[in-house]
Amino acid sequence: MFNCFSRYEHLFDDWRRDGMPGLKAESYQYIDFLTAPDNDQLPREGTLWPHQWEAFLRVVYAHEILGKDQVGANGLLLNIVTGGGKTAVIAALMAWLRIAHNIEKFVMICPNLIVRDRLEDDFHKGKVFKERDLLPKWSSVTPQDFVLTTLGSGREGGWAHLMSASVILGNIHQFYTSNKSGQSNLSGLMNGPDFALFNDEAHNSPAPEYEATLQRMRHKIVLRVDTTATPDRADGKAPDSDMIYEYGVTDALADGIIKTPVVYQPDIKTVQLTYTDARTGEKRKVEEIDWDEVDRRGLNATQWVTDDVPMRQQMAIALRRLEEQERRAKGRYQPILFVVAVCKADAEKAANNLKHHFKVKTLLVTEDSDEEDRQKARELGKALKSGKPYRAVVSVLMLREGWDVPEVGVILLLRKFSSKVYGQQVIGRGLRRVRVKGVDPTEPQICAVVDHPKLEHQWLWDIFNAKKRTGVMIDDQFDETEDLPPPPPKQKLEKPHLVITVPAPDPSVMADEEFDIGEIPPPPEPIKNWKEVLHSIAYDPTVVEITKVNVAAVVGQELGGRGWKTIQSAPEDTGERGPVGQISDEAVREAVKTRLLEIAEELTVAAGYAATFNKDRVYSALLHHVRAKFLNGASLGLAETSDVEFAWKMLPQVKEKVGAIPGLVAGVIEHGDE
Amino acid sequence: MAMSKHGQYLNPKKSPWNFEYYQSDLERRMMDRLESDPHVVKWMKRHSITIPWIDGQKHQRRYVPDFLVEYEDGTKAIIEVKDPSRVDTNEVQRKRRAGEMWCKMRGMEYIIYS
Numbered sequence: 001m002f003n004c005f006s007r008y009e010h011l012f013d014d015w016r017r018d019g020m021p022g023l024k025a026e027s028y029q030y031i032d033f034l035t036a037p038d039n040d041q042l043p044r045e046g047t048l049w050p051h052q053w054e055a056f057l058r059v060v061y062a063h064e065i066l067g068k069d070q071v072g073a074n075g076l077l078l079n080i081v082t083g084g085g086k087t088a089v090i091a092a093l094m095a096w097l098r099i100a101h102n103i104e105k106f107v108m109i110c111p112n113l114i115v116r117d118r119l120e121d122d123f124h125k126g127k128v129f130k131e132r133d134l135l136p137k138w139s140s141v142t143p144q145d146f147v148l149t150t151l152g153s154g155r156e157g158g159w160a161h162l163m164s165a166s167v168i169l170g171n172i173h174q175f176y177t178s179n180k181s182g183q184s185n186l187s188g189l190m191n192g193p194d195f196a197l198f199n200d201e202a203h204n205s206p207a208p209e210y211e212a213t214l215q216r217m218r219h220k221i222v223l224r225v226d227t228t229a230t231p232d233r234a235d236g237k238a239p240d241s242d243m244i245y246e247y248g249v250t251d252a253l254a255d256g257i258i259k260t261p262v263v264y265q266p267d268i269k270t271v272q273l274t275y276t277d278a279r280t281g282e283k284r285k286v287e288e289i290d291w292d293e294v295d296r297r298g299l300n301a302t303q304w305v306t307d308d309v310p311m312r313q314q315m316a317i318a319l320r321r322l323e324e325q326e327r328r329a330k331g332r333y334q335p336i337l338f339v340v341a342v343c344k345a346d347a348e349k350a351a352n353n354l355k356h357h358f359k360v361k362t363l364l365v366t367e368d369s370d371e372e373d374r375q376k377a378r379e380l381g382k383a384l385k386s387g388k389p390y391r392a393v394v395s396v397l398m399l400r401e402g403w404d405v406p407e408v409g410v411i412l413l414l415r416k417f418s419s420k421v422y423g424q425q426v427i428g429r430g431l432r433r434v435r436v437k438g439v440d441p442t443e444p445q446i447c448a449v450v451d452h453p454k455l456e457h458q459w460l461w462d463i464f465n466a467k468k469r470t471g472v473m474i475d476d477q478f479d480e481t482e483d484l485p486p487p488p489p490k491q492k493l494e495k496p497h498l499v500i501t502v503p504a505p506d507p508s509v510m511a512d513e514e515f516d517i518g519e520i521p522p523p524p525e526p527i528k529n530w531k532e533v534l535h536s537i538a539y540d541p542t543v544v545e546i547t548k549v550n551v552a553a554v555v556g557q558e559l560g561g562r563g564w565k566t567i568q569s570a571p572e573d574t575g576e577r578g579p580v581g582q583i584s585d586e587a588v589r590e591a592v593k594t595r596l597l598e599i600a601e602e603l604t605v606a607a608g609y610a611a612t613f614n615k616d617r618v619y620s621a622l623l624h625h626v627r628a629k630f631l632n633g634a635s636l637g638l639a640e641t642s643d644v645e646f647a648w649k650m651l652p653q654v655k656e657k658v659g660a661i662p663g664l665v666a667g668v669i670e671h672g673d674e
Numbered sequence: 001m002a003m004s005k006h007g008q009y010l011n012p013k014k015s016p017w018n019f020e021y022y023q024s025d026l027e028r029r030m031m032d033r034l035e036s037d038p039h040v041v042k043w044m045k046r047h048s049i050t051i052p053w054i055d056g057q058k059h060q061r062r063y064v065p066d067f068l069v070e071y072e073d074g075t076k077a078i079i080e081v082k083d084p085s086r087v088d089t090n091e092v093q094r095k096r097r098a099g100e101m102w103c104k105m106r107g108m109e110y111i112i113y114s
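Protein chains in written order, with the numbering used here: chain A, 1 to 674; chain B, 1 to 114.
The shape of chain A in the complex, shown without the other chains (with noise of 0.2 angstroms):
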């Protein structure tokens, strides 16, 4: 997304220098209250911080001095990093606007529970004003005007409350037409006075229902200020609102905003693969290759998280990451471990291992979690108090953003990731800085990332600047007293007037090449027996499991410094193999299908048709498929056990199998039962 501020950055600095005119008398006042007392070009201490300041700024600056017509005829945005503090700058704005703009309600966006009850807990009885110092004496605006009212929750009486309420928190569903509830809401704030929108996570507002009903808010909406740390989506969709401000990564990290991450992976020799007949569990080959000859052999990269030798090797040099971190800690804060898996059967599985393997307290959150085990993960770090934290949290996607619980100190990447905000949104999760008692603002934190090499994330990497370090070779643990690296340098916008101005699109351009997507070949002719092709594929029940790594070091990257370094040696081998490791005969039956269902959509996307209305006829025929060939022609639900893990071993072969005839997808689709 542009940056749509930079043309103005010049201007905006002029302004500051000469004292900010053509402010309202009442900005000016509050902005002076805020401004450090022997340096106007900074925040008071104790205020904002000094990016939450510059973001305040822009947006005082683009709604009083340039205005809805030159920026932010939609809204305008803020691109601030994870941990970045979002939540002091929207108290701020909201202070503002009541004391200079008369404004006095505040409807608030959030995407979800979690990022909810985050916003509940800090603006509750007007907390985070408190905490900033952000109401002046002379305004007579007091924290308790802010009245909160969380929609929702079971505490809000409908109308009246969102009547008498200042501020307003919801999920933009709660303002949807096509629900009761929704309409009430809206009409109750339709029916009230203008009011400033906060749009929170606001790279979830691409979608139909969503805009719209953000329009039909507009004509009330004083302001709308959108914040996230990820505005351009992984489908490429990307808010209306135009972007004024980007605080990334790597100036959060030169400021010392967030902990500096420090990649980990396995340094290794040799393999082992063992080839079984999944059938019947024969063994066919067992072969102990170099590393270098291991791409050769058709391994899915994240088998290499997934096996069960590999993943708790993974494990195992998580948990040295966390042994450290805790020593760091000093008892003053549990540190946790979180890792993160793909699927359910894959975090059942880390889950069992790091509890019975590693005798290590461990929560498992997934999409099937009740209530209560999603309150413990959102009250991981407070629980050292009750005598018995959980070390480990493990999770599929469901705790991203807004799910920060700052004692993540290590992240166990058990994913690959191709999408860079899932990616992000997730190493997000262990860079909020441990501020509890006891801890100083400027004492050096890390959040240690174990990955994989064959993950293949070093793009990932990228992202946060990860330059290499040549530094000292250390041996075994990081000493607890070891100084940990300094921030990186701060990119600085020195010389505004070097900023290039990049002119508006032309719509009258789009000419007849807009819809021109390059040279696809014709898509293949769907099959019409697609029934007997398909039924004519043959499988080799013959699969390959890693069953041995011989690491020989552990190496880190530390992102902002420079290069990869052998920190340690490598970890003790796990010792037996018990079963420990298996997952439930229910998480088979289900991950089977979870991933049948993963397959059907992406075979139907591959064979260029829409997902939404054709991956059903898919699946039904992978489905009629995966029980005829290795099924016994029984149901997901009534096989044997044994033939649904066989099954479970086959899927990538079928996959792979089903993919590879041209026009088979689509004739499916095309054909379907005629």
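No lab work stands behind these hints, which were simulated from the structure alone.
Quick caveat: nothing in here was measured; it's all calculated off a predicted structure.
One or more of the hints may lead you astray.
Said to hold, decoys possible - Straight line, CA to CA, 16 angstroms or less: simulated EDC-like cross-link-like pairs of lysine to aspartate or glutamate:
id : chain 1 : residue 1 : chain 2 : residue 2
1  : A       : LYS344    : A       : ASP585
2  : A       : LYS655    : A       : GLU602
3  : B       : LYS13     : A       : GLU494
4  : B       : LYS76     : A       : ASP506
5  : A       : LYS495    : B       : GLU70
6  : B       : LYS104    : A       : ASP506
7  : A       : LYS237    : A       : GLU211
8  : B       : LYS14     : A       : GLU494
9  : A       : LYS237    : B       : ASP55
What the hints assert, rightly or not - Label-pair restraints from in silico Cβ distances:
id : chain 1 : residue 1 : chain 2 : residue 2 : range
10 : A       : THR270    : B       : GLY56     : 30 to 40 angstroms
11 : A       : GLU525    : B       : LYS13     : 53 to 63 angstroms
12 : B       : SER114    : A       : GLY659    : 29 to 39 angstroms
13 : A       : TYR539    : B       : ASN18     : 55 to 65 angstroms
14 : B       : TYR113    : A       : PHE2      : 18 to 28 angstroms
15 : A       : GLY46     : B       : PRO84     : 50 to 60 angstroms
16 : A       : ASP368    : B       : GLY74     : 56 to 66 angstroms
17 : B       : GLY74     : A       : THR594    : 51 to 61 angstroms
18 : A       : GLU525    : B       : GLY56     : 14 to 24 angstroms
19 : A       : THR542    : B       : ASP32     : 51 to 61 angstroms
20 : A       : LYS130    : B       : ASN18     : 28 to 38 angstroms
21 : A       : ASP69     : B       : TYR113    : 34 to 44 angstroms
Every residue gets a Cβ at the ideal spot worked out from N, C-alpha and C, and that includes glycine.
Starting from the known structure of chain A, arrange chain B on it as the hints suggest.
Chain B alone, transformed into the frame defined by chain A:
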């Protein structure tokens, strides 16, 4: 382990930033070139532009182009530096088309250096 040449290009005269990050040697050499080219008046590596493009599966994606450049006659351009071995991949071609379109709509030029 793959090593790419990362680093900071310090005190550029024509970029507004006090330094710019480069992710490869090609990028660093392009920075040298832009600094010494008398026709170039401004360049930015950190420019927050993302260009939408459509991949082989017809999915919309976004990519960040390498350089934003302004010449002495006021012409503006997006400059991409590409490893010669990768110039002809389908992905690069698709991004190039999207980049050309994006520039055309803004009266800008689109240049690939390899």
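Hint by hint, here is what the structure shows:
Between A:LYS344 and A:ASP585 the CA atoms are separated by roughly 13 angstroms; this keeps the pair inside 16 angstroms, and the hint holds. Between A:LYS655 and A:GLU602, the direct Cα distance comes to roughly 9 angstroms. Compliance with the 16 angstroms bound is thereby established for this hinted pair. As the CA atoms of B:LYS13 and A:GLU494 are separated by approximately 11 angstroms, the hinted pair is consistent with the 16 angstroms bound. For a cut-off of 16 angstroms, the pair hint linking B:LYS76 to A:ASP506 stands: about 15 angstroms separates their Cα positions.
At roughly 15 angstroms between alpha-carbon atoms, A:LYS495 and B:GLU70 fall within 16 angstroms of each other, so this suggested pair holds. For the proposed pair B:LYS104 and A:ASP506, the alpha carbon gap of about 9 angstroms is at most 16 angstroms, so the pair holds. Of the pairs offered as hints, the one joining A:LYS237 and A:GLU211 holds, with about 12 angstroms between alpha carbons and a cut-off of 16 angstroms not exceeded. The straight-line distance between the Cα atoms of B:LYS14 and A:GLU494 is roughly 11 angstroms, inside the 16 angstroms bound, and the hint therefore holds.
At roughly 14 angstroms between alpha-carbon atoms, A:LYS237 and B:ASP55 fall within 16 angstroms of each other, so this suggested pair holds. At about 36 angstroms, the beta-carbon gap between A:THR270 and B:GLY56 stays in the expected band of 30 to 40 angstroms. As the Cβ distance of A:GLU525 to B:LYS13 is approximately 59 angstroms, the hint placing it in 53 to 63 angstroms holds. The given range of 29 to 39 angstroms is respected by B:SER114 and A:GLY659, whose C-beta atoms sit roughly 33 angstroms from each other.
Range check, A:TYR539 to B:ASN18: about 59 angstroms between beta-carbon atoms, so the 55 to 65 angstroms window is met. For B:TYR113 and A:PHE2, the Cβ-Cβ distance of about 23 angstroms falls inside the hinted range of 18 to 28 angstroms, so the restraint holds. Taking the beta carbon of each, A:GLY46 and B:PRO84 are about 55 angstroms apart, inside 50 to 60 angstroms as hinted. Under the hint 56 to 66 angstroms, the C-beta atoms of A:ASP368 and B:GLY74, about 59 angstroms apart, fit the expected range.
The beta-carbon spacing between B:GLY74 and A:THR594, approximately 56 angstroms, falls within the hinted interval of 51 to 61 angstroms. In this structure the hint that A:GLU525 and B:GLY56 lie 14 to 24 angstroms apart at CB holds, the actual value being about 19 angstroms. Roughly 54 angstroms separates the CB atoms of A:THR542 and B:ASP32, a value that falls within the hinted 51 to 61 angstroms. Checked against the hint of 28 to 38 angstroms, the pair A:LYS130 and B:ASN18 passes, with Cβ atoms roughly 37 angstroms apart.
Distance hint check: the CB atoms of A:ASP69 and B:TYR113 are about 39 angstroms apart, consistent with the given range 34 to 44 angstroms.
Checked against the numbered hints given earlier, this structure breaks none of them.
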